[in-house]
Amino acid sequence: MAKITLSNLAHSYKDNPISSDDYALKPIDHVWEDGAAYALLGPSGCGKTTLLNIISGLLKPSSGQILFNKKDVTNDDTSLRNIAQVFQFPVVYDTMTVKENLAFPLKNRGLKPDYIEKRVLEIAEIISLKSMLDKKTQSLTSDVKQKISLGRGLVREDVNAILFDEPLTVIDPKMKWELRTQLKALHKNLGHTMIYVTHDQTEALTFADKVIVMSDGEVVQIGTPTELFEKPEHTFVGYFIGSPGMNIIPAKINNDKATIGHHQIELNNKFAKLDGKIELGIRPEFIKFSNDPDAIPVEILRIEDVGHYKIARARYQDYDINIIINENDEFSPEMKGIVFDKDKISIYVDDWRVEQ
Amino acid sequence: MKKTHNQKAWFMVLPVLILVAFSAIIPMMTVINYSVQDTFGNNEFFWVGLEWFEEVLHSERIHDALWRQIIFSAIILSIEVPLGIFIALNMPKKNGLWTSICLVVVALPLLVPWNVVGTIWQIFGRIDIGLLGYTLEQLGIDYNYTQNTFDAWFTIIIMDVWHWTSLVLLLCYAGLRSIPDAYYQAAKIDQASRWSVFRYIELPKMKGVLIIVILLRFMDSFMIYTEPFVVTGGGPGNATTFLSIDLVKMAIGQFDLGPAAAFSLIYFLVILLVSWVFYTIMINMDKENE
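Residue numbers (this note's numbering), protein chains in the order written: chain A, 1 to 356; chain B, 1 to 290.
If you're looking for bench data, these hints aren't it; they were derived computationally from the structure.
Please note that a few of the clues may not be correct.
Where chain A lies over chain B, by a calculated footprint (3+ residues, C-beta under 8 Å) [to be verified]: (1) 63-76; (2) 225-234.
Quick list of simulated restraints, FRET-style, between CB atoms [unchecked claim]: (3) A:SER63 x B:ILE179: 29 to 39 Å; (4) B:SER193 x A:TRP177: 34 to 44 Å; (5) B:ASN144 x A:TYR13: 34 to 44 Å; (6) A:GLU117 x B:LYS207: 48 to 58 Å; (7) A:TYR13 x B:ASP220: 53 to 63 Å; (8) B:LYS207 x A:THR202: 57 to 67 Å; (9) B:LYS207 x A:TRP177: 11 to 21 Å.
Calculated lysine to aspartate or glutamate pairs in the EDC-like style (CA-CA distance at most 20 Å, straight line) [what the hints assert, rightly or not]: (10) A:LYS136 x A:ASP158; (11) B:LYS188 x A:ASP94; (12) B:LYS188 x A:ASP34; (13) A:LYS344 x A:GLU304; (14) A:LYS135 x A:ASP200; (15) A:LYS288 x A:ASP350; (16) A:LYS3 x A:ASP29; (17) A:LYS71 x A:GLU33; (18) A:LYS270 x A:ASP292; (19) B:LYS94 x A:ASP94; (20) A:LYS176 x A:ASP200; (21) A:LYS288 x A:ASP341; (22) A:LYS60 x B:ASP181; (23) B:LYS188 x A:ASP320; (24) A:LYS257 x A:ASP343; (25) A:LYS288 x A:ASP200; (26) B:LYS287 x A:ASP292; (27) B:LYS207 x B:ASP38; (28) B:LYS188 x A:GLU33; (29) B:LYS287 x A:ASP34; (30) A:LYS26 x A:ASP294; (31) A:LYS342 x A:GLU230; (32) A:LYS184 x A:ASP34; (33) B:LYS205 x A:GLU157; (34) B:LYS188 x A:GLU157; (35) A:LYS210 x A:ASP34; (36) B:LYS205 x B:ASP220; (37) A:LYS257 x A:ASP292; (38) A:LYS344 x A:GLU230; (39) A:LYS257 x A:ASP350; (40) A:LYS60 x A:ASP292.
Note that the structure is a prediction, hence the values are computed from the model and not measured.
We put the CB at the ideal spot given by N, CA and C, even for glycine.
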């Protein structure tokens, strides 16, 4: 197991990158702490798989360094890095049995047969495949195959990190939950450094201690799930995480007051004079309907019932605003005003959050 | 609901029936017709029963041709299949100009008509004007495919390998290209050797196309006629007289229509039988893996 340090790492698929648009992965500095579970979250094409492949050594970065503990492995081949990777589509050796699959990485490393036997049984126990050790892998379902490919990573005792590249994409919805829970438990018991790439926010937030949100080849925020929810550092994080995402409304800021449209809202903090594109962000969860005469008057377009809560799609002047109405919230269709929770308002300048 | 009973549906299958009749049943019946009759010309035929079949089955000349045919197919398969796989493994894997050039160059022999292939090698091997024959001659190697049995076989086998290895190669290459990158990456992580990658990833993924390739190459080589006929005409002596060359000699050269018809039917059944055995063995191999 190892601490992984990325130092000024960047990658471009072009030979001679000129502008920053040419980079699939913009310069990043980050330390992956030993034994932590991370999720790399972002939409398709944001550079998360590129980053993962650089860590695993399948891709050589255009610039920068990558260190395992204190050793520079930037130019080391995948086979020398001692990492495990679980791919989007389950990779198993079709003609082998489950047992042979699990033993394969150990056999290739020339370990003793009785050790291999013992170790394979141990791992099969952990990933609950013990009952099907002698089955051929060809006819197994994809969730079992995915477990086998995870198992092939786990059998090596000295793996530096386990990397997951959207491993649940092809798994049945029912099995997804189960596998995810098992992964989480596995992480707790074995304490490997795990890096999990996904575009699914639920997967990322439930799996990881820390989530790294990426957009356009750039890391926009690194934080715990709570931080991402309550204080999105970038408007992208705001609307990408949450369902529906954060409401982002153009605003004017004057000291401790924000103006949206014709309406003025009090803020907790005092702000210096801000230049650029200024926006106010508030999550639908932190807006309430009210009869207060000071409330922002909105027109309710429609109400969607998603079971345990309702989403109100409303409009204030030119701005669409989503509001989540919980079961015990006061709400009647006559209520035409909304108020924001003062503590939960974020102010963004050119998409980045500012505190004062 | 009331069902209407009529026989109109038969008209729907009529086109197929007519097609099959003209493409298979009628020609086949003609052959069967000849195989049980004898003629002395003047369009007079009389019934001989299974006499021709007995004659063909006991004919030493046909036995020899059959053995030559089996040996030829065996040699062809054991050279072309491994060679095709080997070249396919070494083809460039990424799309690009270089890949396209390789594919076109490799596919060229497949586009040459069969008798042209024969002519090319017939000239190529001649010791007076052919590049191959002349060069060997100058190197002091005694090479003459019109007189030496070994040289005749050598020329025909090299010719077939040149002509058909591309087919094996292209199909295997298609099979290889369908393997996702993740498999190679996983193998790297598992520290698999080059041999293991071939044995456990590439070969299993190519198995489907290999079955088809072997079957196709077997059937084609077992029926080969044009190329050896153009190059050696079946000689020297009968050294390269394969089944179909022998058959044509019998039917057109000697005009023995009866025995030739019986021979054709047996030939057809042999190919059918061997193909069926091949197919069954390979399908069963596939099932064992599950």
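To see whether the hints hold, each was checked on the structure:
| no. | hint | verdict |
| --- | --- | --- |
| 1 | 63-76 | violated (count 0) |
| 2 | 225-234 | violated (count 0) |
| 3 | A:SER63 x B:ILE179: 29 to 39 Å | holds (31 Å) |
| 4 | B:SER193 x A:TRP177: 34 to 44 Å | holds (38 Å) |
| 5 | B:ASN144 x A:TYR13: 34 to 44 Å | violated (59 Å) |
| 6 | A:GLU117 x B:LYS207: 48 to 58 Å | violated (29 Å) |
| 7 | A:TYR13 x B:ASP220: 53 to 63 Å | violated (44 Å) |
| 8 | B:LYS207 x A:THR202: 57 to 67 Å | violated (39 Å) |
| 9 | B:LYS207 x A:TRP177: 11 to 21 Å | violated (36 Å) |
| 10 | A:LYS136 x A:ASP158 | violated (27 Å) |
| 11 | B:LYS188 x A:ASP94 | holds (17 Å) |
| 12 | B:LYS188 x A:ASP34 | violated (24 Å) |
| 13 | A:LYS344 x A:GLU304 | violated (24 Å) |
| 14 | A:LYS135 x A:ASP200 | violated (32 Å) |
| 15 | A:LYS288 x A:ASP350 | violated (27 Å) |
| 16 | A:LYS3 x A:ASP29 | holds (14 Å) |
| 17 | A:LYS71 x A:GLU33 | holds (15 Å) |
| 18 | A:LYS270 x A:ASP292 | violated (25 Å) |
| 19 | B:LYS94 x A:ASP94 | violated (24 Å) |
| 20 | A:LYS176 x A:ASP200 | holds (12 Å) |
| 21 | A:LYS288 x A:ASP341 | holds (8 Å) |
| 22 | A:LYS60 x B:ASP181 | holds (16 Å) |
| 23 | B:LYS188 x A:ASP320 | violated (51 Å) |
| 24 | A:LYS257 x A:ASP343 | holds (13 Å) |
| 25 | A:LYS288 x A:ASP200 | violated (28 Å) |
| 26 | B:LYS287 x A:ASP292 | violated (74 Å) |
| 27 | B:LYS207 x B:ASP38 | violated (48 Å) |
| 28 | B:LYS188 x A:GLU33 | violated (25 Å) |
| 29 | B:LYS287 x A:ASP34 | violated (46 Å) |
| 30 | A:LYS26 x A:ASP294 | violated (45 Å) |
| 31 | A:LYS342 x A:GLU230 | holds (12 Å) |
| 32 | A:LYS184 x A:ASP34 | holds (16 Å) |
| 33 | B:LYS205 x A:GLU157 | violated (30 Å) |
| 34 | B:LYS188 x A:GLU157 | holds (17 Å) |
| 35 | A:LYS210 x A:ASP34 | holds (13 Å) |
| 36 | B:LYS205 x B:ASP220 | violated (24 Å) |
| 37 | A:LYS257 x A:ASP292 | holds (19 Å) |
| 38 | A:LYS344 x A:GLU230 | holds (7 Å) |
| 39 | A:LYS257 x A:ASP350 | holds (19 Å) |
| 40 | A:LYS60 x A:ASP292 | violated (59 Å) |
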